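These protein sequence lines are chains L and E, in that order. Our numbering numbers the first residue of the first sequence as 1425 and each following residue consecutively. Our numbering numbers the first residue of the second sequence as 819 and each following residue consecutively.
Source of the hints: derived by calculation from the structure; they are not laboratory data. Source: prediction; values computed, not measured. Heads up, some of the hints might be wrong.
What the hints assert, rightly or not - Derived pair list, reagent style SDA-like, types lysine to any residue, alpha-carbon separation capped at 20 Å:
| hint | chain 1 | residue 1 | chain 2 | residue 2 |
| --- | --- | --- | --- | --- |
| 1 | E | Lys-1193 | L | Trp-1455 |
| 2 | E | Lys-1193 | L | Ile-1434 |
| 3 | E | Lys-1193 | L | Thr-1428 |
| 4 | E | Lys-1193 | L | Ala-1451 |
| 5 | E | Lys-1193 | L | Asp-1461 |
| 6 | E | Lys-1193 | L | Pro-1462 |
| 7 | E | Lys-1220 | E | Asp-1133 |
| 8 | E | Lys-1193 | L | Gly-1456 |
| 9 | E | Lys-1193 | L | Glu-1454 |
| 10 | E | Lys-1193 | L | Ala-1435 |
| 11 | E | Lys-1193 | L | Asp-1453 |
| 12 | E | Lys-1193 | L | Asn-1432 |
| 13 | E | Lys-1193 | L | Leu-1452 |
| 14 | E | Lys-1193 | L | Arg-1463 |
| 15 | E | Lys-1193 | L | Val-1460 |
| 16 | E | Lys-1193 | L | Ile-1459 |
| 17 | E | Lys-1065 | E | Pro-1131 |
| 18 | E | Lys-1193 | L | Thr-1437 |
| 19 | E | Lys-1193 | L | Arg-1430 |
| 20 | E | Lys-1193 | E | Phe-1118 |
| 21 | E | Lys-1193 | L | Gly-1438 |
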Amino acid sequence: MAETLRVNPIACTGHGVCAELLPELVALDEWGYPIVDPRPVPPALDRDARRAVAACPTLALRLLRSEQPARSG
Amino acid sequence: MSTAVNESAPGGAARQAAGLPRLLPAAPEDLHAHLARYGPTPYRGRTNLLIDDIETSGLTGRGGAAFPVYRKLAVVARAGVRQGRKVVVANGAESEPASRKDELLLGLAPNLVLDGLQLAAEAVGATEAHLYLHYAPGPQILRALAERSSRGLDRLAVTITQAPPRFLAGQEAAVVNRLGGGPALPTFQPPRVSERGLGGAPTLVQNVETLAHLALIARYGPRWFRAVGTSDEPGSMLTTIYRPDAKTHVREAAIGTPLEALLGAGADVQAWLVGGYHGTWLPMPEAAGITLDNASLRRFGAAAGAGVLAALPSDRCGLTEAARVTGYLAAESAGQCGPCLNGLPRIAAALAELAGAGHRRRTLADLERWSGLVKGRGACNHPDGTVRFVRSALTVFAPEIKRHARGQCSATDRRPFLPLPDGIPTREEDWT
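In isolation and in its complexed conformation, chain L is listed as follows (with noise of 0.2 Å):
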């Protein structure tokens, strides 16, 4: 099942651990929080992306399986 990296932007503080961990899909904007790549993850990066999940401070980052709709406002 294909899964895709999600940040909750609320409980996002910018530490930037994801960024280090999974540089490939993982960028940090100017004031130091992350623009995950919305495509799946692919398989090879797949162990970085758990372990950036779990590194997160406060459990900000999640991976969702892609169908997931996103956010609506």
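With chain L fixed as given, assemble chain E onto it according to the hints.
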């Protein structure tokens, strides 16, 4: 804030399509007048029955998002009662400072809204009903509730909760947070409040105008509802109208009405703002042929939202107006999400710089980059709506930006045109 004039009233100055107005009587109607006109609340006798009619009617939410009403009804109807609760909320927070329609509707036809609330509650099998308002309830509402209660019309008692005067206080998750006793702040979704809302219970939040339409569909059926509007977007909607040659007024318009008929497009109008402060500036005369339906508005990147429509007079500075409103929107960020918290004040400051005399070379590029950085990165749609407003202003008022860069401004009237609340609250306790 003054109550807007009702221009939809029969005999009012505005000419209306056949069958309108549907929602707004000429004067406040108490329960006696309401029953004389409509008869008693048409309960269906069990859950779900109304939902098919609502689906056929094509009714969409009138709070701004235009989401199909039957889909939310169906989700909440399907969900089980949790912790003994299932909740419906009539959302009259009307947190758009330029919108006046919900307050006017509740003042003139409170019983129609309250009928809709009870009917929606029956349709989904709710156990409690709420009315959420951004002001202390007026005498019409309190009287309607008392009269309905003494006549035994309401199957569920209605609890009134006051919303703080914040732009995001009417956002669905914020409503649920406030009803739960917390601050009126958006949350990260999913789960949607229709699945897990107040106290974890499935919660239906519908705008008060939406509920009034629902109450009429329950009486007259979906075919009646579809007799006005377009086939894809049936019905009518309440609009709040700002134009150079008239007082602010609320008008019920058939969806698909030419915007020119509502706003005017003469030489005294330089641009239209459609959809309020999360809305879109449209250039004149290029957009003059557009109609009040999302299919038409979408071609200009716009949407009808909660029906706030403004025709900016030619003697005002659109850039200054846009900068003022953007400053307000930045101050109204809930401050919960990093990109919104950091980006919106910078965007507002950059726009204020453009609206001053002369600006730094990089300011326009900064604005574009920051707009891209905040869009899609909030828990709610505040950053996206703000960016839509700002980007359309940059496009439509591009000539004015050049003028200001040279130290000029085309305005001859410097009074503010678009309304903003007096004094922007910034303290945390102002969210409750």
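Hints versus structure:
no., hint, result
1, E:Lys-1193 to L:Trp-1455, "holds (14 Å)"
2, E:Lys-1193 to L:Ile-1434, "holds (15 Å)"
3, E:Lys-1193 to L:Thr-1428, "holds (19 Å)"
4, E:Lys-1193 to L:Ala-1451, "holds (16 Å)"
5, E:Lys-1193 to L:Asp-1461, "holds (14 Å)"
6, E:Lys-1193 to L:Pro-1462, "holds (14 Å)"
7, E:Lys-1220 to E:Asp-1133, "holds (17 Å)"
8, E:Lys-1193 to L:Gly-1456, "holds (16 Å)"
9, E:Lys-1193 to L:Glu-1454, "holds (14 Å)"
10, E:Lys-1193 to L:Ala-1435, "holds (18 Å)"
11, E:Lys-1193 to L:Asp-1453, "holds (12 Å)"
12, E:Lys-1193 to L:Asn-1432, "holds (15 Å)"
13, E:Lys-1193 to L:Leu-1452, "holds (15 Å)"
14, E:Lys-1193 to L:Arg-1463, "holds (17 Å)"
15, E:Lys-1193 to L:Val-1460, "holds (13 Å)"
16, E:Lys-1193 to L:Ile-1459, "holds (11 Å)"
17, E:Lys-1065 to E:Pro-1131, "holds (13 Å)"
18, E:Lys-1193 to L:Thr-1437, "holds (18 Å)"
19, E:Lys-1193 to L:Arg-1430, "holds (15 Å)"
20, E:Lys-1193 to E:Phe-1118, "holds (18 Å)"
21, E:Lys-1193 to L:Gly-1438, "holds (17 Å)"
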